[in-house]
Structures are given as C-alpha cells and as structure tokens.
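K.L.:
Position chains B, C, D, E and F relative to chain A; hints supplied.
Order-wise, the sequence lines are chains A, B, C, D, E and F. Residues 872 to 1161 (my numbering) are what the first sequence spells out, left to right. Residues 872 to 1161 (my numbering) are what the second sequence spells out, left to right. Residues 872 to 1161 (my numbering) are what the third sequence spells out, left to right. Residues 872 to 1161 (my numbering) are what the fourth sequence spells out, left to right. Residues 872 to 1161 (my numbering) are what the fifth sequence spells out, left to right. Residues 872 to 1161 (my numbering) are what the sixth sequence spells out, left to right.
Take the hints with a grain of salt, since some may be wrong.
Which copy is meant is left open, because identical chains are indistinguishable; a pair holds if it fits in one copy or across any two.
Unchecked claim - With a straight-line Cα cutoff of 25 Å, these simulated DSS-like cross-link-like pairs (lysine-lysine) come out:
hint	residue 1	residue 2
1	K1063	K1110
2	K991	K1055
3	K894	K991
4	K1071	K1110
5	K1063	K1161
6	K1048	K1161
7	K991	K1161
8	K894	K1048
9	K894	K996
10	K996	K1161
11	K957	K996
12	K1110	K1048
13	K1110	K1161
14	K991	K1076
Quick caveat, the hints were computed from the structure, so don't treat them as lab data.
Number of protein chains: 6
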Amino acid sequence: MRFDEAYSGNVFIGANPDYNESKVVLYGMPMDWTVSYRPGSRFGPARIREVSIGLEEYSPYLDRELFDLNYYDAGDIPLPFGNPQKSIDLIEDYVGKLLAEDKFPLGMGGEHLVSWPVMKAMAAKYKDLAIIHMDAHTDLREHYEGEPLSHSTPIRKIAEHIGPKNVYSFGIRSGMKEEFDWAKENGMHISKFEVLEPLKEMLPKLAGRPVYVTIDIDVLDPAHAPGTGTVDAGGITSKELLASIHEIARSEVNVVGADLVEVAPIYDHSEQTANTASKLIREMMLGFVK
Amino acid sequence: MRFDEAYSGNVFIGANPDYNESKVVLYGMPMDWTVSYRPGSRFGPARIREVSIGLEEYSPYLDRELFDLNYYDAGDIPLPFGNPQKSIDLIEDYVGKLLAEDKFPLGMGGEHLVSWPVMKAMAAKYKDLAIIHMDAHTDLREHYEGEPLSHSTPIRKIAEHIGPKNVYSFGIRSGMKEEFDWAKENGMHISKFEVLEPLKEMLPKLAGRPVYVTIDIDVLDPAHAPGTGTVDAGGITSKELLASIHEIARSEVNVVGADLVEVAPIYDHSEQTANTASKLIREMMLGFVK
Amino acid sequence: MRFDEAYSGNVFIGANPDYNESKVVLYGMPMDWTVSYRPGSRFGPARIREVSIGLEEYSPYLDRELFDLNYYDAGDIPLPFGNPQKSIDLIEDYVGKLLAEDKFPLGMGGEHLVSWPVMKAMAAKYKDLAIIHMDAHTDLREHYEGEPLSHSTPIRKIAEHIGPKNVYSFGIRSGMKEEFDWAKENGMHISKFEVLEPLKEMLPKLAGRPVYVTIDIDVLDPAHAPGTGTVDAGGITSKELLASIHEIARSEVNVVGADLVEVAPIYDHSEQTANTASKLIREMMLGFVK
Amino acid sequence: MRFDEAYSGNVFIGANPDYNESKVVLYGMPMDWTVSYRPGSRFGPARIREVSIGLEEYSPYLDRELFDLNYYDAGDIPLPFGNPQKSIDLIEDYVGKLLAEDKFPLGMGGEHLVSWPVMKAMAAKYKDLAIIHMDAHTDLREHYEGEPLSHSTPIRKIAEHIGPKNVYSFGIRSGMKEEFDWAKENGMHISKFEVLEPLKEMLPKLAGRPVYVTIDIDVLDPAHAPGTGTVDAGGITSKELLASIHEIARSEVNVVGADLVEVAPIYDHSEQTANTASKLIREMMLGFVK
Amino acid sequence: MRFDEAYSGNVFIGANPDYNESKVVLYGMPMDWTVSYRPGSRFGPARIREVSIGLEEYSPYLDRELFDLNYYDAGDIPLPFGNPQKSIDLIEDYVGKLLAEDKFPLGMGGEHLVSWPVMKAMAAKYKDLAIIHMDAHTDLREHYEGEPLSHSTPIRKIAEHIGPKNVYSFGIRSGMKEEFDWAKENGMHISKFEVLEPLKEMLPKLAGRPVYVTIDIDVLDPAHAPGTGTVDAGGITSKELLASIHEIARSEVNVVGADLVEVAPIYDHSEQTANTASKLIREMMLGFVK
Amino acid sequence: MRFDEAYSGNVFIGANPDYNESKVVLYGMPMDWTVSYRPGSRFGPARIREVSIGLEEYSPYLDRELFDLNYYDAGDIPLPFGNPQKSIDLIEDYVGKLLAEDKFPLGMGGEHLVSWPVMKAMAAKYKDLAIIHMDAHTDLREHYEGEPLSHSTPIRKIAEHIGPKNVYSFGIRSGMKEEFDWAKENGMHISKFEVLEPLKEMLPKLAGRPVYVTIDIDVLDPAHAPGTGTVDAGGITSKELLASIHEIARSEVNVVGADLVEVAPIYDHSEQTANTASKLIREMMLGFVK
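Pulled out of the complex, with its shape left as it was, chain A reads as follows (with noise of 0.2 Å):
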C-alpha cells in the first residue's frame, strides 16, 4: 500500500528500486563542511530529487527515454557533520564498491570536496583516466588558509594524483594567480571563460579514453544558478551547459562516471537551481550512458 516511489520525489523521477538490474547508480553526497563562504548544498541531492516529478522521461535533444536506462537511486550517503576526513574516506569507500560491481556512478552534491574520493576511486580503476571539469573556480590550492580538505582542492588533488596533464577544466573565472600559474607550468588544461568551443576542439584529442566528468553547477552564471554557494558572474547559460553535456554525449570518449556538484536550495528562492539540475542530471544519464 505504499505508493509509487518512482513518481514521489523520494528518489529521482523513474528510478529502478531494484539496484542488481540498474546500471546508474544515483548517490548523494551531503557534505558541505569546508566551504569557506556559503554552506547549505548538503541538502542539494535531497531537493534535486524532490523536483525531478517535474521533469519529462523524455529528452528532445537527444530523442531518448528515461524508460530506456535502468537507474537506481541510493540516497545520500550518510556523513559525519563536521568530520571532512571521515566523509571523503566513505565517499571513497562506497563508489570503489559501486566500481566493483561495473555501476556507473552518478553523484550529487555537496561540496566539490566530494569529486575529490570518487575520482581517486575512478582512477584506481581507470589506469587512462582523464577529467573534465567545468566550474567557475580553478579549485587548484593546495590548502585554503591551511586547510588541505576544503572545497577549493579537489581539482588540484586529482591533478596531482593522476598528473596535471589529464585534467580539463573549462568555464573557469575565478581562482588565484598561483593557481592558473601552477596549471600552465605542470600543462593542466584550463580553459577560460568558455565551455563549449573549447570543448569542441578539445574532445577529439580525448577519443577512446575513459573519462570522469565533474560538473560545478556555479560554472552557470548566477543567473543560471543563484542556488549555489559562491556565484560570480560572467558564467554560461543553461542552453550552453546542457549543450557541452551532448557535445561529451556525441563524441568519442568513453565517459564512465560523472557528478554534479554545489547545489544549494537555501539560495534557490524559485527552485530554478534544482530545477536545472535535475534536467542535467536526466541529459547526463541519457547522454553519458550507452
């Protein structure tokens, strides 16, 4: 007598309850401890959920159905408060277990800290690893005012763990001087400013490989994405950002896990933020996953 959970906003909109039959599995990762300016995107995943009834199976980009993957959504991991070194250890522990049995794992967050162990659980399966990263912010320190775990690190982490020169990151207006400087002497790819162009040029010189995608919902202009923790201005639109998710989807790489991060609905007045997401979340699932 418990009613339709696919159609309740208690998990994303169609998803499978049996996980054994999913290929996608959907997780939340409800961290947002070490941001340095606006926290509340631990509550990103729960709220991206509960506005996927809004959406249509349907996408009339790339003319596929939701009913034709099977997804199944697990939650959100459940996190220490407070405790960013713990929560990076079961993030990283769950998606090497979601690895281990071939899922394509599909996370939400949280902060961006988050990327940070499920790419390293990524490229312990993927020796070719590379990432492609749009956001805002390089996230290219080493530590922020000391602080190694915080969600200005992630990118410089996974750089540093897979070498600089398989990471991409696009959309970028906002970081250090150090930060670009250290990209451009270790020939990490970063592209300013812009998404999609670039990502035209660049994808063919990644065909064949496996790719991690890692998406910072703020590399939307505030516009775009007022629900987030740091807006800055300048950003894409949505129409760009969906368009360089099916630009990924219709080139040659192999993409095999991605993620979407900084959601925060406390800034997200009118829901567009979730909003967007979720319809990102549907075009990533239908465009990323054969």
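P.N.:
Using the frame of chain A, we list chains B, C, D, E and F on its own:
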C-alpha cells in the same frame, strides 16, 4: 545498498517500513485545487516528512518515544489535479481500507476539504463518532460561490452527516455571520478565539466516545504558522496548540484517527511551519495512539 | 463589463464606489522618504487592499458586518517622491477636505510622519482632540540628525501642537532617554511595553472626548509584524492589539479618525503583516464608526 | 475624489476607463486548478497590473506610445475555484462577447488551459485562424493522468479543433515522446529550442492570415522567468522574446488576439517575471494592434 | 576621512574603538561546521552588528544607556573552515587572553559548540563557576553519530568539566531521552519548557557566585526567531527572554561572561532574528556589566 | 586585538587602511529617497563590501591583482534621510576634496541621482570631461512629477552642465519619447539596447579625453541583476558588461573616476546582484586605474 530510509526525509522520521507491523498509517493528501485564496498545500505532506529529520524521537511532554510505536508512512495518495470529486472518492476509499485493516489513520493535507472524505469513512466505522476541530475558520459554508466542493465546506458536510451536535470547533475567529448562526441554531459547538480552556471544559463530556481530531494549521497565529493558505491574525501560539493536543491525550476520549492540514511550504520561508507541523505529528502519534 | 471592483483587491473589500453615500473614507499615504532604516512602506496601502479579498466581511469579535457600513476607498494620494514638505502639505489639505465634508478619515501609511498632517487637520476641527498612539517607538524627536521632517518626529509635533498632556502613547519600548524625559517633564502619558491593561485604565479618563487613534504596526512584536521598517523585539501579539481596538470600540470615547501605518510589504515574505493589517482595518472600521 | 486609476496599479498603466472607446480589452483569467506542479498563476494578472506602474508608456523598440492606443482593463474574470469546466465555459463566453463587439482580446493567465476556450472563441469568428504558440512545453497531451482538462492539453485541443497544420509552436524543449510524434504525424509545426530564427522563416507563410498568439512565459529560460509554475532550463532570453514579438509586429500576419500566461508571483521573489510580463504586454499591444 | 565606524554597521553600535579603555569585549565566532541540520550561523555575528544601527542606545527596561559603558568590538575570530578542533582551540586561546586582561567576554555565535571552549576558559579563571543555559535543546549528547565535536554536545562537555550540579538549563523542549536521564542522574538542573518562572526560583540559590550565561537563540519560539538552524515549536517569546535577562541583571549573581549563539541570517527573511539578537546583546551588556 | 579588517566585510576586500598611500578611494552614497519605484539602494554599498570577501583578488580577465593597487575604503557618506538637496551638496563637497587630493573616486550608490554631484565635481576639475553612461534608462527627465531632484534626472543635469554632445549613453531601453527626442535634438549620443558593440565604435573617438564612467546596474537584464529598484527586461548579460569594462580598460581613454549605482539588496534574494557588483568594482579598479 539503499541508505536508511527511516532517517532520510523520504518518510517521516523513524517510520517502520513494514505496513503489517504498524498500528498507525501516516499518509498525505496533496490536494489544493478548491482553495479560494493562496494554493500550495499540495506540497505540505512532502515537506513535513523532509523536515522531520530534524526532530528528536523523544517527547519530553509525554515522556514517550517514537520507538515505542509502529507507524508506516504510505507516502502521498496520487490525486488527479483539478478534479475535486474524484480526489475525494479516492481518499474515502483509501481510508476505508485502512480502517478495515484496523489501522489508525493519521492524515496530512492538503487543503481542509480532504478531511471530509476521511471523516465520512470514520463515521461509517464508528457510529458514535464525535469531531474535535481546531481552526481559524468555521468551514461551515454550504458552498463557495456555487461550489459545494470547497475548502470552506468540510465541517458543514460532516456536521450534516453525523449531526451538528457531534461536532466541536475550537479557536474559530473567522467566518460568515450565517455560518455562526447555523452552528448556533443547530446545536453545534463553537469556541471562539480560544482552544485550550474550552477544550478542558468540553473533554469530560466526550469521555469514552470515539473522536476524530482535525487540525487546520491556521488555528495558529500567522506568527506561528505563516506557511498556510489563509493566515488570520489573533490566533493561538504553538505552545497552546501543543498543550491542547496533550490535553486530549490525557483525557478519557478515544481518539480513533486524526489529521493536520493546510501546511503550504511556498509561504513558509524559514520552514518554521513545516517544522512545527512535523512536531505536532509526533505529538499526535505519541499522544493519541496508546 | 468591468468585473466587480468591490471584490477585486483593487479597493478594500466591500468598499462602496459612491463617495457621497459613504461615511468612512479609506485612503493611502504612500510615503517612505524620511525613514532612517528600511524603506518600503510606500507599498503598504496597495498590498493591504490586495490581501483584503481574503477577509470575511463579518467580525465575530464585534458581531458586526462590513455590509452595515458605507466606506469609500479613495486609493493612494499621489505624493511627490523625495519631497517630505510637499507630501505633508498635500495630506493635510486632503484630510481637511474630508473633514469639511464630515467624513471619518481612515488612513493607511506609509511611514509614521504621514500622521502628523492628518492629526493637525483633525486638531483644526476638534478643539478638545486627544491622541491615542500605539507604537514601539516614542517618535518624540525634535529632528533626526538635523531633519525635522522625519519618521521619528510626528508625535513630538502633535504633542507640541495640541499640548503633550493630550497625547497618550502605549506599548512604547524604544526611544532615546531624552524622549522619555521630555514626555515626563511635559505631562505626556507613556505606557511602556504594554497596551491593553494601561488602555483599560486610561480610557475612562477620555470618555466623551474626540479621539484620534494612530497605530504603528510595529507596536506588534516582530513575530506578528515582520513586514515593517523597524522591527523591535518584545512587542505585543496581534491578539492583544485586536483586543485593544475592541476595548476602545466599547469605551465612551468618540473616535473621530484613525490610521494604521508602517506596513512594508518588502519584508513581509508570507504577507502575514499585510493580512493582519487588513483585519485591523476591518476591526477599526467596525469598532470605531457607529 | 478617487485618485487617478490609470496610474494606480489597479489597472494596467494608462488604461482607458471607457470600454466603448477602446479597441483592446485586457482581461485576467485567474485560474490555476489543473496544474500538475506548482500552482499560483491565479495571482499573475493582478501582479502584472500592479507592477505596470513602473513602465514607461513609450516603446523605443517600436517608436510608439501607449497614448496612441485605447485599451480597457476589464479586471479578472471571476472563476469558480476548483471547477475547470465551468471556468472554461465562462472564459469562452466572455471572449465571444468581446469578439462580437469587435474588440481585440488580450488575455493574461492563469494556467495555460485558459487559452483553450479563448482560441475556440477566436476560431468561431476567424475561419482561417492560425496559432503562434511560444512555450517550453508541447502542451499536446490528450489528458493528464486521466484528466482531459489540464494545463498540459490546450494546444492539443486547439490543434484538433482547427487542424494541427494551423498550429505553429516555437521554443519547445519539453514534452513526452508521444507528443512530439503526434505533432510530426499530424503535420503540426514544432520548432524545438529556438523562437526567433524559425519564426522569421515561418512568418511569410502566414502572411495575411488571422493569427492568435499565445505565449507561455516559461518559453523564457528560468533565469528570465523564475516566477512560473514549471521552470525548464535551456530557454530563450527576454531580449529574444521581445525581438520575436517585434518580428511578428513587423510581419504581414494579421494578429487578431493574444495572451500571456503562467506568471506565478509566488515564485517571483524580486518581481522580475511580473515586470517582464508587463513589458511584454505593452509590446504586444503596441506591436500587434495597429 | 573614514566615516564614523561606530554608526556604520561594521562594529556593534556605539562601540569604543579603544580596546584598553573597554571593560567589555564583543567578539564573533563564525563557525557552523558541525551542525547536523541547517548551517549558516557563521554569518550571525556580522549581521547582528549590521542591524545594530537600528537600535537606540537607551534601554527603557533598565533605564541605562550604552554611553554609560565602554565596550570594544573585536570583530570575528578567523576560524579554519571545516576544522572543529582547531577552531575550538583558537577560541579558548582568545578568550583566555581576554580574561587575563580582565575583560568581560561577550561572544556571538556561530553554532553552540563555540560556547564549549569559552566556558572552559571561564572555568579556568572562576573556580566556583555556574552556567545558566537557555536553549530549546539539551545539548547533552556525548557525541553526534560518532562525532564528539558537535553542536549537540557543548553542555555535556562543560557539565562534565565543572560538574553537572553547576549547570542550570532553562526552556529545554527537545532532546533524547538519554540526555534528560543523564541530567537527572547526575544532579544537573533542567527546567523544561519555561525560563522566567524557574529562573526566579533558581537565582537566589546562585547569589554571589560567578555565572556564565549562554543563550541559544532557539530558546525562542520559531515565531520569534525563525533565523536559526534548528527551529522547534513551543518556545518562549522575545518578551519573556528579555524579562529573563532583566531578572538575572537584577539578581545577586555575578555575571562574568555571556554569549548568544545560533543566529543564522540565511533563514531570517525579514531580519527579525538578527534585530532581536542585537537588542538582546544590548540588554545583556547593560544588564550584566555593572 | 581587532581581527583583520581587510578580510572582514567591513571594507572592500584587500583595501588599504592608509588613505594617504591610496590612489583610489572607494566610497558609498547610501541615498534612495527620490526613487519613484522600489527603494532600498541605500543598503547597496554595505552589502557590496560584505560579499566582497567571496572575491578572489586576481582578475583572469586583466591578469592583474588587487595587491597591485592601493585603494582606501572610506565607508558610506552619512546623508540626511529624506533631504535630497543637502545629500547632493554633501556628496559634491566630498568628491571635490578627493579630487583636490588627486584621488581616483570610485563611488557606490545608492540611487542614480548621487552621480550628479559627483559628475559636477569631476567637471570642475576636468575641463574636457566626457561621460560614459551604461543604463537601462535614459535618466534625461527635467523633473519627475515636478521634482527636479529625482533618480530620473541625473544624466539630463550633467548633459546640460557639460554639453549633451559630451555624454555617451549605452544600453538604453526605457525612457519617455521626449527624452529620446531631447537627446537627438541636442547631439547627445544614445546607443539603444546594446553596449559592447557601440562602445567599440565610440571609444576611439574619445581617445585621450578624461572620461567618467557611470554604470547603473540595471543596464543588466533582470536575470543578471534582480536586486535593483527598477528592473527592465531585454538587458545585457553580466558577461557583456564585464567585456564592456575591459573594452574601456584597453582603450585610449583616460578614465578619471567611476561609479556603480542602484544595487538594492532587498530584492536580491540570493545576493547574486551584490556579488556581481562586487566583481564589477574589482574589474573597474583593476581596469580603469593604471
């Protein structure tokens, strides 16, 4: 690998996933299509569940814990948008089934009209049923500008169905003169403005009888419940409403079902109304179900 | 083919479209240019009208209906933005005309300075005029940082105009020490913190006198009136303010005009303050005008 | 002594109080009872009028002033809450009367279902009627979970009524696969994602024909119209929508009526959507009515 | 040429720029990384200062002015994001220095965990220290889901440090059964639900002792303090909290330090909580420091 | 023991506390008393400073850091509420002093009228001054409903003062027909709707001249700047505005002063406008001051 639902905000905190083991069934009635003023209560039940994760399981008022009770959260009844008659039929049918299986129905609205089919189903089972009604509004209209299915009519309907003298309204501070006159002429009890004191007086008269308790959150002052469709100044405090629930809990009446309606998250900017509602649900469960 | 204005939110609910037939004239004074803190009360009168469609015409407190009364809603006086002196002159002139035609003026602010020209016009007609003033603030400054036309000065101005001993302030919980001292030294009445009890004591002394009632919505606690320029904790409830209005209504004083000021919709996120104000206007009309 | 209505926010700025003198009749359809997601558009027309006081009467786009045109603002049609069928009948009847008196009907919603009875009335008068439809959503469902009267069905209804090949949809980015398929199979025109460029191509084909223009505000990206029921990322800008209106204005089509629907002030925290809608109404009047 | 800081919102209104001349030091502890529910209190101290410009310097409750007192506003202690242990150490160190220089520390949170290092520093100086604690929550957990550094543990920590019988909690309405049991078994005082009356009874027993007062703003009902992390219905009014502060001020206890925590501006849509907090700070200063 | 001001939100991030060492002086003009629509920009400068703590000091657009520049943040000029004339005089006097000491004045409004006294002071120093004006509105009225001191008049005033042919407006999309006509007849430059392209064309003509740049934040589309008094659809993006500033920075004009006005935090629910404004201030400093 699905993370624990009972503490996820997807169901009311601590809910038992097993329907059969549960005495209480919590269910949502997400309908708001007949309201004459501000719609939005369709999202009430979902938000009450979501914020319930902030609740303690223990009531220091009643010295009792949610662990002492088995309750199942059935989710929201799927109701057809814009079709009041069919919605009402679906609710009556559903509650009838719960009663047939000897459950204690605890409903969450939605607009107040949803209480009408519930009370009708209750009356079918309990021949001597009395209604305790807490509200800012009489809800005694025959119709609203020609529409008999309206959020302004449920108390009139049940009063005509079981006899006006079996209906006890408290806290009423708004209505048409005709409604107050009708109540008076037909022997229905209305306590204007106050709840706790008149309730203390009235409860002994209802001792031993099966009682259904229907609470419109707008019995609270707008200061205590801004998140509702029709706010009305001069109401009671949340402290008084809690005390009124406890007064019933400690009385000799036999509560056989209850609901809490008209929480509209859209107007509830700091989620105070949803949080209050979720605490009220806890106290109603712990107080009404022995 | 224009749909019924009286129930449109364009005028206060139930207003009579005929000025001549009407005893009461409701008018707005949309001025907020001298406030020292948060502006926005210029939109107060319009929003009070708009939400009045949610009101019942019947008062269960006074057992009287709006249908029993003829009142005209004149709309908002067009006031020149940023020019306090000219605004004040226009208001005084307008209210003078209403009084000449023997209307009962019921004003809606706007900042509290608008009450000064109204009270001056009242004093010109009623020689023995007394003022009942409910407010969080003394409003007894001579000037605000050099500006004599300020929302902090209207009560000082009228007190000097008709004599401080004819002014009775209630609910005051904020002001400079000099203001309280000035009141004391000049025989003006101030009841600190409370309204209802001191009013009960004071009203018999005013029996038979013409009285103007000016209510700053911030006499209410911020819980009950967040939508105002200068909120101040420790105020009274809306229940107490309603009771105070009813106390005056049942007393022997002769209310000859009234206003309600400082509703600022911008800060009133669930419109609770505007709804409360619109109920207060109804009770003032039904209680003060026989 | 009533202050000038034409600049009060009670009617659309500059409206002529004389119905007979007016070519255009502006009217509201405050219905939102069939929406499947977020209700609240019932308050759209009132808010659009209210904020219209911030508009200039002059359009620098069209070099034309509102003074050049006579338009009457009829207010909102009183519609029965929760009764879609009766609401629809009232609207059809009203617009039929306007057309009989040779008025240009300019409607404001309300949910999109309100356009169905309007278009039906238009089709009764104009035999060769074509529809230009701008929207994020196809609105081509036969029913929504069993309900044929739904905000998801109006374009299907008019397409079946006047023939699908006479309906031209632009900007569509959401719908069920079945809806897109139905359109394709039945010769209905759908331009996905874009409005301006396909419109330029299509308008010459419609030259000389009577055209009704129906705009769902959600054709705009959520960045440009957060205040609507169902936001959907990837939409057009307000600049593009203005240009599209101007493109129609300068074309050879004969616009015989128009509407703008789905503005929901509740989600419009800075009133940007209402302000945009009010500018769109001005441009539609100045552009469509010669 | 820097405009006057004391009235700019950069420091608490009327603060003395000279640290040495000042008896009181006001300081912020902008930490919120261990909270289990809604974060955001890191911005509390800054907003309290900002809105303090709306305060009068005079207290009509205590008949005393801020001019009578020298207080320095030190700004916010820079705390490392996401590192609770280091944050706590920095706070303890800072307050230790203040006490060494014989200042009266008046802290603003931040989450309640910040009070733990402050109370520890106080206990190091004052051997017979007692704690007066006003809160909705017991805060007596040993750990929160394994984390001993949590906003749910500060009172447990200080109780174990100075002995439970030296801790007096008031207004408590939420906690685990185990927490209430622990208090009872260990001789700690808890007054459930109420503050003022039990305080009147308890204060004489504390006469002459050094007392630290820690106030969690959520001791107020959500109606009076929506802007906090964990709202809980059934609380006291701001009038009662003011009266409780005045009761302490007039008692024989020797207040040696105090704090006010958990103001979270993000949820405080009309800034009412921040305004209330800033008034409470004024009354605490004027009442506690002779 | 005062914690570092430069990173506290009390001053713009990275400001030099030494006035004498600083080339740039940043100052606020917190005036909003003449606005005809929504007030609140008085709080703009304070909020821009507050959110500046979220900024990086480095501009990847200009490859320059704030550390390369000395700028002093003078705070807000104390202006008399409700007295436009005196406010204007105070501003003119203050900026005159800055210019006498050879500072680069960088002002933050407040309503646009504040730019008038600034430009007047600039014109007194720079005989060949030209104005670059970016705005949605012409601001060319002689008076607003009789008031010559209005937020609708500053560009008219400076145009009459230095000659209309020295004033260059960009992005204009709103105004009375008379204003556009006046500009045309008097040789003033107006680029309608667009900023970047016409600026590229115009800048070479201004090469070598002293230029004052005044930016009304509402030149941005409401999507990019909801937090302002008068939003107007069809505006430019923040990306275009940034590019326009950079275009001026790279041109041959000699920028001698600048301002950014009309940020109104009250309508800026996710603080996106304030964040954008603070980034614009950074780019204006780094781009305009060599």
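K.L.:
Look at each hint and say if it fits the structure.
P.N.:
Status of the hints after comparison with the structure:
{"no.": "1", "hint": "K1063 to K1110", "verdict": "both (18 Å within a copy, 13 Å between copies)"}
{"no.": "2", "hint": "K991 to K1055", "verdict": "within (23 Å within a copy, 47 Å between copies)"}
{"no.": "3", "hint": "K894 to K991", "verdict": "within (21 Å within a copy, 47 Å between copies)"}
{"no.": "4", "hint": "K1071 to K1110", "verdict": "both (16 Å within a copy, 21 Å between copies)"}
{"no.": "5", "hint": "K1063 to K1161", "verdict": "between (30 Å within a copy, 24 Å between copies)"}
{"no.": "6", "hint": "K1048 to K1161", "verdict": "between (40 Å within a copy, 19 Å between copies)"}
{"no.": "7", "hint": "K991 to K1161", "verdict": "within (23 Å within a copy, 44 Å between copies)"}
{"no.": "8", "hint": "K894 to K1048", "verdict": "between (41 Å within a copy, 23 Å between copies)"}
{"no.": "9", "hint": "K894 to K996", "verdict": "within (17 Å within a copy, 48 Å between copies)"}
{"no.": "10", "hint": "K996 to K1161", "verdict": "within (19 Å within a copy, 51 Å between copies)"}
{"no.": "11", "hint": "K957 to K996", "verdict": "within (22 Å within a copy, 35 Å between copies)"}
{"no.": "12", "hint": "K1110 to K1048", "verdict": "between (30 Å within a copy, 21 Å between copies)"}
{"no.": "13", "hint": "K1110 to K1161", "verdict": "within (23 Å within a copy, 35 Å between copies)"}
{"no.": "14", "hint": "K991 to K1076", "verdict": "within (22 Å within a copy, 56 Å between copies)"}
Consistency note: the structure conflicts with none of the earlier hints.
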